[in-house]
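Keeping their order, the protein sequence lines are chains A and B. Here the first sequence stands for residues 35 to 357, where the numbers follow our numbering. Here the second sequence stands for residues 169 to 433, where the numbers follow our numbering.
Derived from the structure by calculation, the hints contain no laboratory data. One should not assume that every hint holds.
Derived list of chain A stretches under chain B, where covered just means 3 residues or more per stretch with a C-beta under 8 Å from a C-beta of chain B [said to hold, decoys possible]: (1) 64-71; (2) 210-224.
Some residues of chain A that are not near chain B, with every Cβ distance over 12 Å (derived) [what the hints assert, rightly or not]: (3) 82; (4) 130; (5) 183; (6) 196; (7) 201; (8) 202; (9) 283; (10) 318; (11) 319; (12) 350.
From the three backbone atoms N, C-alpha and C, an ideal C-beta is built for every residue, glycine too.
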Amino acid sequence: MHDIFVLAEHRQGELREVTLEMMTLAGQLAEQSGGKVTAVLLGSGVDEFAQKCAQYADRVLYVDDPIFENFNAMAYVPALAQLIEEQKPHLVLIAHTTQGVDVAPALAVELDAPFTTEIIEMSLEGEKPAATRQYYGGKINGRIEFKDSDVYLVTVREAAVPAGEATKSGEVQKVENPLKGEAGGRRFLEYVEAAVGEVDITQSEKLVSVGRGIKEEKNVPLMEELAKVLGADLSGSRAAVDAGWLPTDRQVGISGKTVKPKLYLAVGISGAFQHVTGIKGADVVVAINKDPNAPIFQYADYGIVDDLFKVVPALTEKLKEVK
Amino acid sequence: MNIVVLVKQVPDTSDPETEVIIDSTGRGIDESKLSFVINDADNYAVEEAVRLKEKHGGEITLVCLGRESANQVIRMALAKGADSAIRLDDEKFSYSDPITTAKILKTALDGLDYDLVLTGCMASDDGYTAIGVALAKMLGLPHAAMVKSVEVIGDNKMKIGRELEGGLMEMNEVDMPCLLTIQTGINEPRYASFKGIREASRKEIKVMDLAATGLSEEEVGEAGSKAVMAQYSVPEVGELAEILEGDASETSAKLAEILKEKGLV
Numbered sequence: 035m036h037d038i039f040v041l042a043e044h045r046q047g048e049l050r051e052v053t054l055e056m057m058t059l060a061g062q063l064a065e066q067s068g069g070k071v072t073a074v075l076l077g078s079g080v081d082e083f084a085q086k087c088a089q090y091a092d093r094v095l096y097v098d099d100p101i102f103e104n105f106n107a108m109a110y111v112p113a114l115a116q117l118i119e120e121q122k123p124h125l126v127l128i129a130h131t132t133q134g135v136d137v138a139p140a141l142a143v144e145l146d147a148p149f150t151t152e153i154i155e156m157s158l159e160g161e162k163p164a165a166t167r168q169y170y171g172g173k174i175n176g177r178i179e180f181k182d183s184d185v186y187l188v189t190v191r192e193a194a195v196p197a198g199e200a201t202k203s204g205e206v207q208k209v210e211n212p213l214k215g216e217a218g219g220r221r222f223l224e225y226v227e228a229a230v231g232e233v234d235i236t237q238s239e240k241l242v243s244v245g246r247g248i249k250e251e252k253n254v255p256l257m258e259e260l261a262k263v264l265g266a267d268l269s270g271s272r273a274a275v276d277a278g279w280l281p282t283d284r285q286v287g288i289s290g291k292t293v294k295p296k297l298y299l300a301v302g303i304s305g306a307f308q309h310v311t312g313i314k315g316a317d318v319v320v321a322i323n324k325d326p327n328a329p330i331f332q333y334a335d336y337g338i339v340d341d342l343f344k345v346v347p348a349l350t351e352k353l354k355e356v357k
Numbered sequence: 169m170n171i172v173v174l175v176k177q178v179p180d181t182s183d184p185e186t187e188v189i190i191d192s193t194g195r196g197i198d199e200s201k202l203s204f205v206i207n208d209a210d211n212y213a214v215e216e217a218v219r220l221k222e223k224h225g226g227e228i229t230l231v232c233l234g235r236e237s238a239n240q241v242i243r244m245a246l247a248k249g250a251d252s253a254i255r256l257d258d259e260k261f262s263y264s265d266p267i268t269t270a271k272i273l274k275t276a277l278d279g280l281d282y283d284l285v286l287t288g289c290m291a292s293d294d295g296y297t298a299i300g301v302a303l304a305k306m307l308g309l310p311h312a313a314m315v316k317s318v319e320v321i322g323d324n325k326m327k328i329g330r331e332l333e334g335g336l337m338e339m340n341e342v343d344m345p346c347l348l349t350i351q352t353g354i355n356e357p358r359y360a361s362f363k364g365i366r367e368a369s370r371k372e373i374k375v376m377d378l379a380a381t382g383l384s385e386e387e388v389g390e391a392g393s394k395a396v397m398a399q400y401s402v403p404e405v406g407e408l409a410e411i412l413e414g415d416a417s418e419t420s421a422k423l424a425e426i427l428k429e430k431g432l433v
């Protein structure tokens, strides 16, 4: 039997959406290969998550132990390795998230399994999987070829597959904690919430968002002027925040905020996956960028392919006129 | 406190306007028009190491898998405060997958005495986000990925913060020696001083080829890898935005009208 394992991901009392996405992908792969989907849930008193997983999986392996109350890679890796060695799945899917990247590479070493990360497409026809992932910030794709193995391990990009319908009613099997003793050398302490600044961009009606393309901090006022005319708040990409041009709480994207404005005006932002994931809820997206191939144009409703330092001042003036 | 920092030289493709062109082999890119820089996250890892050295003493050793041109990146990190470097360089290392890359890097660490290993959480070229954590497992070290705050607390212990989705920080205590993968934005990387650059030119960069690693040809490169990138392709383009045509004054006038019509002005 070609069992496909999906590692369920949860945090602060919530089963994360990416788990449903991965179980949907696993269901599609299982159809190709004639296999079954098994969700693996490590947690403490999270029976409701086990029930939820069972709606998308043929089986749920649920380890209920206080050591798994909060995520700790040093506990996850040996526990998963042992479960996988006992149960012998053919393929293991782990989300390419801050949990997944903390676990999967070490697990691959432990299992000595063919391993790749952040796949965006996958097929499982015959014995061997084939996968596609992206390089150079999404500017090109690459096809991964795996060597023969009993078990393969991949991490899956968030939102690579939309979560499907809950069509299954798998059996929840409680299994004994395979981990003997403590997590080696690392202890969870606490979560610290990100500070909320003077502007909460998740609530902004309009956003002018800046990226690496604005080149220097001294160009921020030019963008602020555009934002002011529009009555918009200023936000930015990770690059703009890391460079110190904007405070951390103005960052849009996976590691920043998810925003849902009526207007999102992206200036000098290339549109890396990590960024555009944060703007899926925006109504109208406009992009200004010199490179016609910039991925941001695939997410925008309107685009201007030109030098932003020409367009932004001109646009600011025109907006003043039409106001 | 002795620290090893893994650094990588990458083509600078971060600018939204830089195009990446696949070469005739289909497994590489045309590098002729690209400039090369230290991987962004590694730059923050180097800075964090230098700050820890300034506070706690010790030595910093850089480990880099790369061609001779990567010496430029190594020299700059030496100029900022690292003490010595090992560069792993052999044509046979080409096409290694992330696990095999970690295996090669490990050979450089085997002879070193360290309390901490740092590296960037992700390389901007291949984006695997895997090598640090894989290496930690091979070295038998506790690890933490996506680290955005680091503090030494007492003997052989660190308090670290992992940056999770949405900017949430997950605080952990980690025993040393350990390996941390560093997220961008953890600090403000310094520029090298002229004095530092002068001194760096006298510091040693040891080069290790395949023979020096003790690994066989079958253990490295494509032969030694189980999940190899076989073929690059241009991503399929989704439905594009409506592109407004004309010069800046025309396009901005059109956009202003559209925004007005939609009640967004």
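Against the structure, the hints come out as follows:
1. Counting residues of the stretch 64-71 of chain A whose CB lies closer than 8 Å to any CB of chain B gives 0, which falls below the minimum of 3, so the coverage claim is violated.
2. For a cut-off of 8 Å, the count of residues in the stretch 210-224 of chain A with a CB near a CB of chain B stands at 7, and the three-residue condition holds.
3. With a closest Cβ-Cβ approach of about 21 Å to chain B, residue 82 of chain A is found to remain outside the 12 Å limit, as its non-interface label requires.
4. The non-interface label for residue 130 of chain A is inconsistent with chain B: the shortest C-beta to C-beta separation is roughly 7 Å, within 12 Å.
5. A beta-carbon of chain B comes within 12 Å of the beta-carbon of residue 183 of chain A; the shortest separation is about 7 Å.
6. For residue 196 of chain A, the condition that its CB be more than 12 Å from all CB atoms of chain B holds, with the nearest at approximately 14 Å.
7. The beta carbon of residue 201 of chain A is kept farther than 12 Å from every beta carbon of chain B, the shortest such distance being approximately 27 Å.
8. Every CB of chain B lies more than 12 Å from the CB of residue 202 of chain A, the least distance being 27 Å, so the non-interface label holds.
9. Not every CB of chain B is more than 12 Å from the CB of residue 283 of chain A (nearest about 8 Å), against its label as outside the interface.
10. Separation of residue 318 of chain A from chain B is inadequate, the least Cβ-Cβ distance of about 6 Å not exceeding the 12 Å criterion.
11. Remark: the non-interface label on residue 319 of chain A conflicts with the geometry, its nearest Cβ contact in chain B lying 8 Å away (cut-off 12 Å).
12. With 12 Å as the threshold on Cβ separation, the claim that residue 350 of chain A sits away from chain B is violated: the shortest Cβ distance comes to roughly 8 Å.
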